[in-house]
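Asks: Residue numbers (our numbering), protein chains in the order written: chain A, 17 to 390; chain B, 17 to 390; chain C, 17 to 390; chain D, 17 to 390; chain E, 17 to 390.
Keep in mind that the hints were calculated from the coordinates and are not lab data. Quick caveat: nothing in here was measured; it's all calculated off a predicted structure. A couple of the hints might just be wrong.
[Claimed, not checked] Sample of chain D residues facing chain E (criterion: CB under 7 Å; computed from the structure):
hint	residue
1	Gly-197
2	Tyr-289
3	Asp-292
4	Gln-299
5	Glu-302
6	Met-317
7	Ser-323
8	Lys-331
9	Thr-334
10	Ala-337
11	Ile-341
12	Phe-345
13	Gly-351
14	Asn-353
Just so you know, even glycine gets a beta-carbon here, dropped at the ideal spot from N, CA and C.
Single-letter residue listing:
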Amino acid sequence: MKYLKNKQVKIRKKSDYYTKTLKRRTSSKATIGQAPGTPVYVGQKLDKELYAEVFDYNEELFTEEQLNDIEKVYPYIDSKPITWVNINGLQHTSEIQKIGSYCGLHPLVIEDIVNTNQRPKLEEYGEYLFVVLKMLYLDSENSLVIEHVSLILGKGFVISFQEAEGDVFDPVRNRLRANKGILRTMGADYLLYVLMDAIVDHYFHLIDEIGNKVEHFEDKLFDKDSDESFTLEVQALKREVLRIRRAVMPLREVVNKMEKSTHSVISEKIIIYLRDLQDHVVQVNESIEIYREMTWSLMEMYMTAISNKMNSVMKVLTIIATIFIPLTFIAGIYGMNFENMPELRFRYSYFVLLGVMVVIFALMVLYFKKKKWL
Amino acid sequence: MKYLKNKQVKIRKKSDYYTKTLKRRTSSKATIGQAPGTPVYVGQKLDKELYAEVFDYNEELFTEEQLNDIEKVYPYIDSKPITWVNINGLQHTSEIQKIGSYCGLHPLVIEDIVNTNQRPKLEEYGEYLFVVLKMLYLDSENSLVIEHVSLILGKGFVISFQEAEGDVFDPVRNRLRANKGILRTMGADYLLYVLMDAIVDHYFHLIDEIGNKVEHFEDKLFDKDSDESFTLEVQALKREVLRIRRAVMPLREVVNKMEKSTHSVISEKIIIYLRDLQDHVVQVNESIEIYREMTWSLMEMYMTAISNKMNSVMKVLTIIATIFIPLTFIAGIYGMNFENMPELRFRYSYFVLLGVMVVIFALMVLYFKKKKWL
Amino acid sequence: MKYLKNKQVKIRKKSDYYTKTLKRRTSSKATIGQAPGTPVYVGQKLDKELYAEVFDYNEELFTEEQLNDIEKVYPYIDSKPITWVNINGLQHTSEIQKIGSYCGLHPLVIEDIVNTNQRPKLEEYGEYLFVVLKMLYLDSENSLVIEHVSLILGKGFVISFQEAEGDVFDPVRNRLRANKGILRTMGADYLLYVLMDAIVDHYFHLIDEIGNKVEHFEDKLFDKDSDESFTLEVQALKREVLRIRRAVMPLREVVNKMEKSTHSVISEKIIIYLRDLQDHVVQVNESIEIYREMTWSLMEMYMTAISNKMNSVMKVLTIIATIFIPLTFIAGIYGMNFENMPELRFRYSYFVLLGVMVVIFALMVLYFKKKKWL
Amino acid sequence: MKYLKNKQVKIRKKSDYYTKTLKRRTSSKATIGQAPGTPVYVGQKLDKELYAEVFDYNEELFTEEQLNDIEKVYPYIDSKPITWVNINGLQHTSEIQKIGSYCGLHPLVIEDIVNTNQRPKLEEYGEYLFVVLKMLYLDSENSLVIEHVSLILGKGFVISFQEAEGDVFDPVRNRLRANKGILRTMGADYLLYVLMDAIVDHYFHLIDEIGNKVEHFEDKLFDKDSDESFTLEVQALKREVLRIRRAVMPLREVVNKMEKSTHSVISEKIIIYLRDLQDHVVQVNESIEIYREMTWSLMEMYMTAISNKMNSVMKVLTIIATIFIPLTFIAGIYGMNFENMPELRFRYSYFVLLGVMVVIFALMVLYFKKKKWL
Amino acid sequence: MKYLKNKQVKIRKKSDYYTKTLKRRTSSKATIGQAPGTPVYVGQKLDKELYAEVFDYNEELFTEEQLNDIEKVYPYIDSKPITWVNINGLQHTSEIQKIGSYCGLHPLVIEDIVNTNQRPKLEEYGEYLFVVLKMLYLDSENSLVIEHVSLILGKGFVISFQEAEGDVFDPVRNRLRANKGILRTMGADYLLYVLMDAIVDHYFHLIDEIGNKVEHFEDKLFDKDSDESFTLEVQALKREVLRIRRAVMPLREVVNKMEKSTHSVISEKIIIYLRDLQDHVVQVNESIEIYREMTWSLMEMYMTAISNKMNSVMKVLTIIATIFIPLTFIAGIYGMNFENMPELRFRYSYFVLLGVMVVIFALMVLYFKKKKWL
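One chain only, chain A, in its complex shape (with noise of 0.2 Å):
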């Protein structure tokens, strides 16, 4: 019972984090009327500094560095093996900018890098691919993260650029590091597309998680104690359903044009891993809309619970009060003041009475049995 009482309030919690979050997602006035293509940072200022790891390797070479000056990149993204630099913390828009510039990025990329914004999109550009996606986790406190994470593809580098340091990425370096399946032969689109493989796995996790929630609310529902928070509770599990899914919708059609995109940065043998990952992402989209229509189900289900219990105090009053009124009143009669009452004087009238009493009284009880209601 505690525990599902510190649920609700966590979960409570988050709801009113979800709203605001959803507000700051949709609207910013930070960028209006600023000029397009001018970089504004629109998520949680954090004061971390810039953090830049990169990974050059191919089948032989390895190298793992950790870097704080971004230009300090730039050798490993013009040397030959395929480099991958994840960097992390988008509030650094100038050395964002740095890199895009030395990257030849369009303003309007580097633009969609920083707004956490942006909806998952595919864009092609003459040298490179630019790839946004929703990694989503849950955090240390249990609540949901939606993090803004774009990836440009070179030839010969990945770029990936993160709000936070995360660890979903982590089964990817262990792999870079022990040199597992055949990631260190494959080219940097492989590269790509296994990046993108950690973060749709990740997805399955919270669909897990809202699995988990319906049915706590499905349990509560006939809870003797449970009020009107319930109501709220299921709202914003809705809202938190709607946005988890305007975050993983959009991949259906990424993953779709990635697939069909002819751009010389994608080889052809990297499609059938593609059409893996479009599996994963479309079963992903539907246990969100089952799980959709099963939480839009809670609020009729809690109706006729309410109802149900409405049902079963009024039958409480109506039983009382079916078998007592009309013994009150009875009772009422022989309390009668008229001086001419023959029965009042009858020896064993009293107990007659209350015999007669007794038996309305089994009466009724059996009349309401028979009727189930007791």
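Guided by the hints, dock chains B, C, D and E onto chain A, whose structure is given.
Replies: Coordinates of chains B, C, D and E only, in the frame set by chain A:
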């Protein structure tokens, strides 16, 4: 009545089962962080041995073998007559990998064969066609089982992979043995069609079962002793319908794609059979949609049923209270102790009053009769 | 009133019928495990003999025959004039197979002719066109019958297969006999169109019947004695609408496909008539959609009707209780046995109190009048 | 208030009317069994004579005639200037057939002209274009009339067929007479556009009327004396919205098809005007969709309104009962006849008790005030 | 609390406003019967003078003028540098016609410029591109204003037409004056994009406002003193959301069409910016859809809130009645006047009875505690 009760309990247990399997299907932590192409079996671990059936046939010849060693299957595949290999037990990933590489299957295909979460699809590869479907049936405890089935159609052979042995393919086996119909005169593509047809035919059973449940719930709506579990059971039925829908819906596209395929392993004369299969798939989908609508209506009907019950409870209360409260008031009047209440002294006033009360009672009853409350 | 009651009972019986037929339609264990192409009749077994009508005609000639032996039909098909063969009784699978093979029909076509679960469709074969539709009509007991009709359009002949004799084609027969209109001057494709048109024309009857039912339910909503059966009847109506929709919806595609067909048995000048037929089909579909929406609204309306009734029950209770409970309390005060209650001894206090009670009563009544409860 | 009452009555009558017309529209037993191409008028039989208006004009010339003999119209059609023939009265099928065959119209076209159930469509024939639309307006009793209008656009002439005379085309007549705008300088195709535009312009009136009704119902929701008729009236409004939608929706496709037409009677410079017309049609459709959603919301709002009312009824009952039942109990205590009840004998106990009762009463009132029930 | 009340009142006034404007938008009797191409201003008549701003610029030059005479604008349009003419006041139809014919605009274009009911669209003409959009903002009274904006993109100039002066374009003016960004180095097509971008950026404000309202209603759901106005306010919010949707939805198609346009006034390098604009439009649409779902949920939540309240009212009544009715009955027993009631004479029977009553009371309270009603 007893039957219903038992049924209800069973459904409940199943609903737990469904919730669990739904979650199992959508998430699979085991696979997160795995390199793509690593086959990971996420179904239930059964410790049965891998068990392969081999049917090698043409119009004249017919061989049937049951083998536990996967390597003994190879000669049959290479042999001239049509070969059907049915492999039971997806947990034996290493053996599946062996036969996979013998037949030149792509690692992602092998991953999909053992990944029971994979949704139905058709994929064309250079030398073979890969089909994933879901076998739906009721187990001995009458609960829904969604089994993952993969089919490989190569030149002159079909390999089918099942989670566990089942009898869905029995009619096909019998037709092969009995040389009934045209099955043994046709190629491997016809065998593929026949296997898919056997699976789709089984869907109709399930549709029936859903129909029975909807009817059962419709009957139960007006049971006097229906309780809160009703809502949960309908929710479980909704989930079940959604799951079946998810397993069956993609088949439409699969068969459609197969019809239009120009892959060398698909011959022209099979198209007409695929069109027939498509008809059946569409018919299953339509039935599911109808039951979906019926199921969604159930909650609404339940709501009106509760309200109807509450209405009748209220009527009982209202009738009793409305009749006796005024009468009790009258008795109260003559129970007052004023010294000067002339009526109290008249000889027949008590009996007159009793008569008045009877008249009031009768009028009230008439009033309620007229209002159809009695 | 009596009329309505009877109607209700009939509808109920029909609803049972529908549920049964719906299930029968979707499943057919008889066919599970059968080799594809095996004709299995899944409708009701009637023991009537097969009965074939033959119309052989052109502008000048006209022959009408009724035959029980299917082989006697062959010469008419081969003869030069246009031939219409109408075969009643799908349970005679062997005879249908005979004529099928005489005309060179594919085994799957013969299977579809006798499979009453087959949904409407058009298929083009080398020498002929195969059309499946559903004939909808009300039987003598006013219940909906969905009859399976197949039409074969070959060079110079049309063969129609019906489950049982019916009068839907009567106008066509009469026009043939009377040589009215252009029917006898046109080819077999025009005959096909005329037969389909006769079937579609009959749909309008059913739409009417659905309209009557919806209206009947709307009237019944506010009946004082409507009971629980209402919900079940509306559910049955929903199911009926869904079934009709399923039978009629695919026709749109069928006629569309026929319009665009380039098959040799379809002549150019028929297109304009098919466009007209398409118009009718679209019109039927639109009407069904409207009645669907109206039917779905019925439950909502019923819910408000119940709530309205409950509201008026509550008002009666509230009025009575609110008036008499305070008055009873006052009477209770003066029924107390305190020795020192000065009011009891005043001469007119009893009458004053009665007056006070009348005033309270009047005020209460006024209050409820103002609140529009009375 | 009186206004509203009247309005309500009228709406009710209209709703009957709608139901009837809806049924009339969807079915028409008269036509069942008729050979295709037989013109059957299914609208209301009016015994007015056929009445044809002829406008013959070009930039310089202008002739206006009103004729009762259809054959007098022929010379105008053949004459060089643009001719507009407006024929009122579809029940004169034989005369319509006459002019139809004079202009070379297909029998099916003539059937569609008099078949008032025909849905809006555009059909291209060799020499002419055939357009069906619905004229929507409110008659003198303020009820919705859906009138069937057919337009034939031939080389240099337009023939319009109406069920009855109306003033929808009056602005066009006036513009022709006054030689205002470019109308007399343009061809027959522009005249067709102008006539269609006049009809579409009139739709906006109806949209307005629907808007008024929705508002009227919103106001009525909280009327104290709203009764059961509300539900039926909303249902009638739904039906009305669905009917208008059905009449207007297909226009989108009609105008679209006309824009893309390459028929010789449509000149290039008309396209720009058709685009404008399309804009209006889309706008009407959007408004209908909005009112549809608003109308569907009404029932839900009504349900909450009923529940709100019931809630306030319950509160009154609860307040009265909760205050007086305990007080009555106390009075009952001291009405008991035990011989040894010391309180009865104390001098001021009666007055003390009255005081206690007043205090209890006050506390109860405060409690309800705090709970906001008072 | 006061804040909320005020807010509510304001919303109500706005809702009236919306209803009115919705009707104004959909109908416009003024235009019925007008010849197509006649410009009729259907917005509110303001008696401000026409007021044109002219910006003439290229990378080096910059001129800004404010003119009241439309003819003074002509030289700027003809001049070489890029020209932006912003015309405020659509009621000056004659002056708009003047500049329209000077620039060679089609009469229908001029009609659409002043017709504030025109929905967003893009039309390509020989020499220019015509864009209609809706500017959405909150006026000083915080009510939604939907302003009609038309943009003409010709060779080297953009003319914008607004209903009234506003500050939505201020950032563009400032960027022009300050020569910030690339605006002054780009062509007229970039200016068009920048103006559209400024309008779309403003949509985010509105989305925010809708979000605030939804939240406000969610908070208000459980207010003790929420009343009937809630339903009407939610209905008004629904209508507002639908209106915004209607204004914004067509933009998707407009921008899409512009991206694919091959018109000479659109240069290739603008495409990338239009894609960015498309992203924003999609984002706005998605947010509207989410708020739409949230808004539609509000009524359902409100319904459960009412039911919850009613449930708690019923509980109070039931507790009081269930406790005191039996006790009153017992008191009634001993208030009877039978001569032979032995208990009445025992010494302590009164006190024993009081004790029994206390015990019954306590048991009842415990029972309700156990049932969680207290």
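Asks: The structure should be examined with respect to each hint, and the outcome stated for every one.
Replies: Status of the hints after comparison with the structure:
| no. | hint | in the structure |
| --- | --- | --- |
| 1 | Gly-197 | holds (4 Å) |
| 2 | Tyr-289 | holds (6 Å) |
| 3 | Asp-292 | holds (5 Å) |
| 4 | Gln-299 | holds (6 Å) |
| 5 | Glu-302 | holds (6 Å) |
| 6 | Met-317 | holds (5 Å) |
| 7 | Ser-323 | holds (5 Å) |
| 8 | Lys-331 | holds (6 Å) |
| 9 | Thr-334 | holds (4 Å) |
| 10 | Ala-337 | holds (6 Å) |
| 11 | Ile-341 | holds (5 Å) |
| 12 | Phe-345 | holds (5 Å) |
| 13 | Gly-351 | holds (4 Å) |
| 14 | Asn-353 | holds (5 Å) |
When held up to the earlier numbered hints, the structure conflicts with none and fits them all.
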